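> Residues per chain are reported as follows:
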Amino acid sequence: MPDENWRSQLRKGWLELAILATLWDGRLYGLEILRRLENDSDLLVTEGTIYPVLNRLKEDGAVRAEWEEQSDSGHPRKYYSLTAAGRRRTLTMAHESAEFMRQMSGLLGPLLKEERR
Amino acid sequence: MSTSFDLDLQTRVDTYLMNLRRCLGELPAEEVNDILREIRGHILERAESAGELTDEKLVAILKALGKPEDIGPLYQAEAMVARARASFSPTLILRTVLRWAMKSVVGFAVFIVGLTGYGMALSFLVSAVMKPIFPDHVGAWLGDGGFSMGMEAPAPLHRTEILGWWIIPIGLVVGTLLLIATTRFLRWMLRFASGRPALAAV
Numbered sequence: 001m002p003d004e005n006w007r008s009q010l011r012k013g014w015l016e017l018a019i020l021a022t023l024w025d026g027r028l029y030g031l032e033i034l035r036r037l038e039n040d041s042d043l044l045v046t047e048g049t050i051y052p053v054l055n056r057l058k059e060d061g062a063v064r065a066e067w068e069e070q071s072d073s074g075h076p077r078k079y080y081s082l083t084a085a086g087r088r089r090t091l092t093m094a095h096e097s098a099e100f101m102r103q104m105s106g107l108l109g110p111l112l113k114e115e116r117r
Numbered sequence: 001m002s003t004s005f006d007l008d009l010q011t012r013v014d015t016y017l018m019n020l021r022r023c024l025g026e027l028p029a030e031e032v033n034d035i036l037r038e039i040r041g042h043i044l045e046r047a048e049s050a051g052e053l054t055d056e057k058l059v060a061i062l063k064a065l066g067k068p069e070d071i072g073p074l075y076q077a078e079a080m081v082a083r084a085r086a087s088f089s090p091t092l093i094l095r096t097v098l099r100w101a102m103k104s105v106v107g108f109a110v111f112i113v114g115l116t117g118y119g120m121a122l123s124f125l126v127s128a129v130m131k132p133i134f135p136d137h138v139g140a141w142l143g144d145g146g147f148s149m150g151m152e153a154p155a156p157l158h159r160t161e162i163l164g165w166w167i168i169p170i171g172l173v174v175g176t177l178l179l180i181a182t183t184r185f186l187r188w189m190l191r192f193a194s195g196r197p198a199l200a201a202v
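Sequence order for the protein chains is A and B. Mind the numbering: the first sequence is residues 1 to 117 in this note's numbering, read in order. Mind the numbering: the second sequence is residues 1 to 202 in this note's numbering, read in order.
Just chain B, same shape as in the assembly (with noise of 0.2 angstroms):
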């Protein structure tokens, strides 16, 4: 460091530094270094063109920068929307998107469009898992007027079950491709409010 800073000065930004780092959470320690070193260089090069530097100069620069409690949870959300839109983790994309559907309308949208996806993919392979052990309460149904498919305890009298086993390849097979097809909906999605102004709320 070549500024020749008044001991106090510098634990001013030392405390500073400290308590971004505290504020930044569960971000990698490699990230998390790359920004101290960052923000210290942005510091140290205000105060330099700042002449000389007193208190009340470092205080302005430190002030102008935003508090660490402010800029911290900033790099967790965006760093979360960017893991989310390049991940395949639908417990991380869905909790990305339900920080977006609390702030507009479309993000609600497409959280009930996700939650709905995968309570859908989740009850195929469910179903698909469960058959070898409730043979009889496991199946898809037809008859009186009516379909249903899943986990049915007592059995369904009036219908007649219509997979038998098949229900676990199917189960199996429709369930992970619904889970893909959620996935791939939300990342697209995610990705497409990015870079609109009018939807950028995520």
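Pulled out of the complex, with its shape left as it was, chain A reads as follows (with noise of 0.2 angstroms):
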């Protein structure tokens, strides 16, 4: 079996784009992109890994945050959407990671087709 360190790196070097893909219809607060991540991925194993990554993109200027009080809850969420500059870095990151993804699985393909037959 591979480690969990490949497999932590794995992730890590997915996430931030899995995080800029959740945002890209709107905005959303961290536990809302942490749902959409758990719905639609595999790449949390600590919930938590995802505000300090949302904290440095918004230093990046690629994301920006808004407080918003919650009259529902009581108690306030912190609202992230993409930039024009976090938009942009989103598809070239999209285009480039389909790239990458496409040689991977023409490299990939043959073995994992051997290997059912």
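Among these hints, one or two may not hold up.
Partial list, computed: chain B residues near chain A (C-beta under 8 angstroms) [as the list claims (entries may be wrong)]: (1) Ile71; (2) Tyr75; (3) Ala79.
Read the hints as simulated data drawn from the structure, not as lab findings. The structure presented is a predicted model; accordingly, all values stated were derived computationally and were not measured. Ideal placement from N, C-alpha and C gives every residue a C-beta, glycine not left out.
Build the complex from these two chains, which are given one at a time in their own frames, with help from the hints.
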């Protein structure tokens, strides 16, 4: 079996793009981003890891954050949305990743096919 | 806070947040408060959707969130990369690149280039500053099949010093340019590495 370190590096590498992708259609707060990731991917082991990444994306200017007081839940939520620079970055990363995955599939496809036989 | 928390459960949440605060280390106070507010919100909202909150459920929520000792340093590492990318401080930039160097070959190569660049910048600047103090031992010497620059004691015998006092403006200008060029290069590499999964082990 591959070691856990390899898996965690793999997840870490994809996490930033996955977070940016969840924000493509509009603003979300941390827990909503987490729910999206839980539904659509296998990227998270510990939930807390998305918050430091969001914090850095904010410092980088890829996302902006705004606090909103909630009347229903009683505690404030921090909403994140993509900036114009963040949208460009997400698109570039998406293109590069798609190309990367295409190359990897080319490499791994035959091997997996052979295994199925 | 709207949730009517059991006092024990409240204490458990507070302890978690206190530990997290401790693990956030040297981050600015304002940022620390912002982080704790967000994480507290996360815990409370998870707790609310858990139905009746029991000790076991809270433990599970905190476990899923991760240990403060694991999350805190992540903030510091992420913040360090972000600050270094936006910073002009050679020490902060070089320290960040050093962390990168320990994780990947590309990082190591960038670190070596950075170290060489800053080293050369420093020697040009030091030469300029030291010239008035040791006029005979600082200079650029040519001849005898070689070239050397900097401080030499004793001064090389069979070579001619070619710059004279010009070493001061030249040292200052070239040193400063090297300093800026190296800083720009490292910042650019840090930006370049982010967002590329293959290099992102920054």
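> With reference to the structure, classify each hint as holding or not holding.
Hints, one by one, checked against the model:
no., hint, result
1, Ile71, "holds, 4 angstroms"
2, Tyr75, "holds, 4 angstroms"
3, Ala79, "holds, 7 angstroms"
In this structure, every one of the numbered hints holds.
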